[in-house]
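Chemist: Each chain, letter by letter, is given below.
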Amino acid sequence: MAAGGIGLGVAALVLALGALSGLQDALRAEVLARTPHLEVELSRRDDLAAARTAIGEIAGVLRVEEMVRGRGWVKHGVLVQPVEMVGFEGEVPRFFPGAAGSPAGLFLSESLAARWGLRPGDVVEVVSPRPTLSPLGPQPRVRSLAVSGTFASGRTEEIERIALPLAVARPLAGGPGALLEVTVTSLDRALAVVPLVRQAVPADAVVRTWEQLNRPLFFALRLEKTVMFVAVSLIVLVAAMALVADLALVIASKRRELGMLGAMGAAPQRLRAAFLTLGALLAGIGTLGGAVVGWAAAVLLDRYQVLRLPGQVYFLDYLPFRVEGADLVAVLLITFALALGSSWYVAQRVDRLQPVEALRR
Amino acid sequence: MSVAVRAAGVYKAYQDATRRVEVLRGVDLEVAPGELVAVVGPSGSGKSTLLHLLGGLDTLDAGRIEVGGEDLARLEGRELARFRNRTIGFVFQFHQLLPDFTALENVMLPGRIANRDIAVIRRHARELLAEVGLADRLDHFPPHLSGGEQQRVALCRALALEPPLLLADEPTGNLDPATGDHVFELLTTMAQRHGTTMVLVTHNPEIARRCARILLLDAGFLRTYGAEGPGP
Numbered sequence: 001m002a003a004g005g006i007g008l009g010v011a012a013l014v015l016a017l018g019a020l021s022g023l024q025d026a027l028r029a030e031v032l033a034r035t036p037h038l039e040v041e042l043s044r045r046d047d048l049a050a051a052r053t054a055i056g057e058i059a060g061v062l063r064v065e066e067m068v069r070g071r072g073w074v075k076h077g078v079l080v081q082p083v084e085m086v087g088f089e090g091e092v093p094r095f096f097p098g099a100a101g102s103p104a105g106l107f108l109s110e111s112l113a114a115r116w117g118l119r120p121g122d123v124v125e126v127v128s129p130r131p132t133l134s135p136l137g138p139q140p141r142v143r144s145l146a147v148s149g150t151f152a153s154g155r156t157e158e159i160e161r162i163a164l165p166l167a168v169a170r171p172l173a174g175g176p177g178a179l180l181e182v183t184v185t186s187l188d189r190a191l192a193v194v195p196l197v198r199q200a201v202p203a204d205a206v207v208r209t210w211e212q213l214n215r216p217l218f219f220a221l222r223l224e225k226t227v228m229f230v231a232v233s234l235i236v237l238v239a240a241m242a243l244v245a246d247l248a249l250v251i252a253s254k255r256r257e258l259g260m261l262g263a264m265g266a267a268p269q270r271l272r273a274a275f276l277t278l279g280a281l282l283a284g285i286g287t288l289g290g291a292v293v294g295w296a297a298a299v300l301l302d303r304y305q306v307l308r309l310p311g312q313v314y315f316l317d318y319l320p321f322r323v324e325g326a327d328l329v330a331v332l333l334i335t336f337a338l339a340l341g342s343s344w345y346v347a348q349r350v351d352r353l354q355p356v357e358a359l360r361r
Numbered sequence: 362m363s364v365a366v367r368a369a370g371v372y373k374a375y376q377d378a379t380r381r382v383e384v385l386r387g388v389d390l391e392v393a394p395g396e397l398v399a400v401v402g403p404s405g406s407g408k409s410t411l412l413h414l415l416g417g418l419d420t421l422d423a424g425r426i427e428v429g430g431e432d433l434a435r436l437e438g439r440e441l442a443r444f445r446n447r448t449i450g451f452v453f454q455f456h457q458l459l460p461d462f463t464a465l466e467n468v469m470l471p472g473r474i475a476n477r478d479i480a481v482i483r484r485h486a487r488e489l490l491a492e493v494g495l496a497d498r499l500d501h502f503p504p505h506l507s508g509g510e511q512q513r514v515a516l517c518r519a520l521a522l523e524p525p526l527l528l529a530d531e532p533t534g535n536l537d538p539a540t541g542d543h544v545f546e547l548l549t550t551m552a553q554r555h556g557t558t559m560v561l562v563t564h565n566p567e568i569a570r571r572c573a574r575i576l577l578l579d580a581g582f583l584r585t586y587g588a589e590g591p592g593p
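Chains A and B, in that order, are what the protein sequence lines are. When the letters of the first sequence are read in order and numbered with this note's numbering, they come out as residues 1 to 361. When the letters of the second sequence are read in order and numbered with this note's numbering, they come out as residues 362 to 593.
Keep in mind that the hints were calculated from the coordinates and are not lab data. Every value quoted in this text rests on a predicted model; they were computed, and no experiment measured them. All C-beta atoms, glycine included, are put in the ideal place defined by N, C-alpha and C. Treat the hints loosely; a few may be bogus.
[Unchecked claim] The calculated label-pair distances, taken between Cβ atoms and stated as ranges, are:
{"no.": "1", "chain 1": "A", "residue 1": "Gln354", "chain 2": "B", "residue 2": "Arg386", "range": "53 to 61 Å"}
{"no.": "2", "chain 1": "B", "residue 1": "Pro504", "chain 2": "A", "residue 2": "Leu223", "range": "53 to 61 Å"}
{"no.": "3", "chain 1": "A", "residue 1": "Gln348", "chain 2": "B", "residue 2": "Ala496", "range": "40 to 48 Å"}
{"no.": "4", "chain 1": "B", "residue 1": "Tyr372", "chain 2": "A", "residue 2": "Leu281", "range": "40 to 48 Å"}
{"no.": "5", "chain 1": "A", "residue 1": "Gly4", "chain 2": "B", "residue 2": "Thr420", "range": "23 to 31 Å"}
{"no.": "6", "chain 1": "A", "residue 1": "Gln354", "chain 2": "B", "residue 2": "Ala423", "range": "17 to 25 Å"}
{"no.": "7", "chain 1": "A", "residue 1": "Leu223", "chain 2": "B", "residue 2": "Ile479", "range": "53 to 61 Å"}
{"no.": "8", "chain 1": "B", "residue 1": "Ile479", "chain 2": "A", "residue 2": "Gln269", "range": "16 to 24 Å"}
{"no.": "9", "chain 1": "B", "residue 1": "Gln553", "chain 2": "A", "residue 2": "Val250", "range": "24 to 32 Å"}
{"no.": "10", "chain 1": "A", "residue 1": "Gln305", "chain 2": "B", "residue 2": "His505", "range": "17 to 25 Å"}
{"no.": "11", "chain 1": "A", "residue 1": "Gly341", "chain 2": "B", "residue 2": "Arg484", "range": "35 to 43 Å"}
{"no.": "12", "chain 1": "A", "residue 1": "Leu281", "chain 2": "B", "residue 2": "Gln553", "range": "41 to 49 Å"}
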């Protein structure tokens with residue numbers, strides 16, 4: 001009974017953490033697909049070409065390209081959409097999935113193009129809030145551009161993005177300094193090369209990693225997982241309490257036998273150890289059994305995509321599961337420690353059991 | 362091997378809900394090595410309490426008990442448990458066998474507690490059970506044995522480590538006269554063979570008369586019931 005309760009708690013914990021990890025992984029992948037590996041912001045005084053060259057020579061760095069970021073609007077007839085303008089150099093960068101590697105041009109998200117019925121070749125106006133002086137006074141800067149293509153819509157994005165060539169973007173959104181986008185062989189490598197990048201650029205340059213660019217989101221994900229772990233651990237705590245009740249019941253029902261063992265010379269420490277062993281055995285069976293069931297359920301639910309989600313609403317079509325080794329170890333350790341602590345607590349009662357009291361009818 | 366038992370000025374009282382009950386009010390007792398002594402007395406006179414005190418199962422309020430020269434008050438915890446295991450065998454009115462263990466396993470228990478070699482204690486337990494006529498009941502569980510058989514298993518368990526002192530609390534009290542008589546015969550025969558000192562609490566005058574000495578416990582004091590019994 002107690003082992004079953006512990007097993008159920010562990011299975012629930014493993015499944016809950018597996019679902020959360022799966023979901024967070026998908027979310028992280030979705031976000032990182034739209035985030036540069038590294039961003040280096042240079043001031044007006046810094047030598048852009050020298051910085052590019054120095055960064056490009058660092059092992060693991062694949063591309064260093066200038067880019068521009070700024071807010072504005074896209075206008076098509078009476079339709080207006082606030083956007084983040086991303087000006088790029090050369091080909092469309094990797095954080096515009098679906099369009100990455102395309103030759104320079106204006107790229108909109110699939111969803112915006114679909115909403116407005118735009119096709120490649122249609123002309124839209126890109127409006128910048130930066131004013132320009134005209135005979136009629138300050139006027140917003142406007143450029144008419146033909147749509148070159150679309151990129152995959154990011155369902156987690158807060159604001160629509162558009163990609164446009166650097167030469168076009170600079171007068172619309174460019175600041176006084178320059179922004180470099182650094183593509184590295186992997187996300188981990190990107191974090192590893194940060195000290196080298198800092199050495200390669202002037203001291204007043206600002207280097208931001210993909211982690212820093214998404215810090216609030218990653219913090220929220222970590223916090224969510226911690227809270228979920230604590231909340232679901234309460235099930236295990238309840239199961240550990242059930243173990244206390246079970247062992248206490250065994251002690252009560254075996255009182256006479258324990259008294260007789262005491263009369264025969266079994267030391268209290270030995271009887272206590274027997275109950276501790278029993279508790280550990282039940283905890284071990286429950287913990288391992290629950291972990292296996294939880295892990296197997298997570299693998300099956302993920303492989304066969306059992307839990308479907310409405311793809312139009314969420315950024316996923318099914319609920320993915322991924323059981324992380326560290327989570328599993330944490331669950332096993334915490335559950336076993338809780339159950340063992342409960343067993344130890346109950347086993348202390350054996351010490352107070354006097355053989356003469358136990359044998360009295 | 363046998364030991365002497367000495368008790369001097371043993372005092373024991375219990376506090377119930379309303380009053381303090383003085384069960385033993387200064388009991389003195391001397392049992393010679395290998396002697397068989399019966400303690401008789403009315404119900405509630407403290408016979409079982411005295412036996413528990415002699416066996417180190419309960420603690421004295423005052424006085425002193427020595428078993429084989431060892432002052433029981435000086436032993437506690439693991440030491441006391443070890444002393445009980447090696448020195449004292451108990452037989453109770455209700456056999457107190459462990460129902461989840463077979464007859465053989467029950468008899469092996471004192472040896473297991475003493476961490477003796479399992480093969481040796483198993484062989485010895487088989488011999489003991491065979492000696493009391495239970496060779497064909499080794500693998501039976503206590504609930505599947507008759508009252509007499511259960512008590513014979515309990516007797517074998519008490520003697521498994523050949524303790525120098527055997528304390529028996531109404532060992533035949535729960536048995537019919539014929540079975541009780543048989544169990545008592547076995548008890549005395551085996552105790553004598555090993556030279557075991559034995560203190561026996563009984564209500565049965567026939568059983569008591571077959572002991573070397575009868576002591577009467579009454580009103581908290583122990584006195585000689587007759588100069589000497591007819592002997593076993």
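Chemist: Compare the structure with each hint and give your call.
Modeler: Going through the hints against the structure:
1. One distance hint, 53 to 61 Å for the beta-carbon pair Gln354 of chain A and Arg386 of chain B, is violated here, with the actual separation near 22 Å.
2. Under the hint 53 to 61 Å, the C-beta atoms of Pro504 of chain B and Leu223 of chain A, about 58 Å apart, fit the expected range.
3. Between Gln348 of chain A and Ala496 of chain B the C-beta distance comes to about 42 Å, which sits within the given range of 40 to 48 Å.
4. For Tyr372 of chain B and Leu281 of chain A, the hinted distance range of 40 to 48 Å is satisfied, since their beta carbons lie about 45 Å from each other.
5. Checked against the hint of 23 to 31 Å, the C-beta distance between Gly4 of chain A and Thr420 of chain B comes to roughly 42 Å, which is inconsistent with it.
6. Our hint of 17 to 25 Å for Gln354 of chain A and Ala423 of chain B holds, since their Cβ atoms are close to 19 Å apart.
7. Here the CB-CB span from Leu223 of chain A to Ile479 of chain B is close to 56 Å, well matched to the stated 53 to 61 Å.
8. The supplied range of 16 to 24 Å is met by Ile479 of chain B and Gln269 of chain A, whose beta-carbon atoms lie about 21 Å from each other.
9. At roughly 40 Å, the beta carbons of Gln553 of chain B and Val250 of chain A sit outside the given window of 24 to 32 Å.
10. The beta-carbon spacing between Gln305 of chain A and His505 of chain B, approximately 57 Å, falls outside the hinted interval of 17 to 25 Å.
11. Distance hint for Gly341 of chain A and Arg484 of chain B: a CB-CB separation of about 42 Å, consistent with the stated range 35 to 43 Å.
12. Judged by the Cβ atoms, the range 41 to 49 Å given for Leu281 of chain A and Gln553 of chain B holds: they are separated by roughly 45 Å.
The structure shown violates the earlier hints numbered 1, 5, 9, 10.
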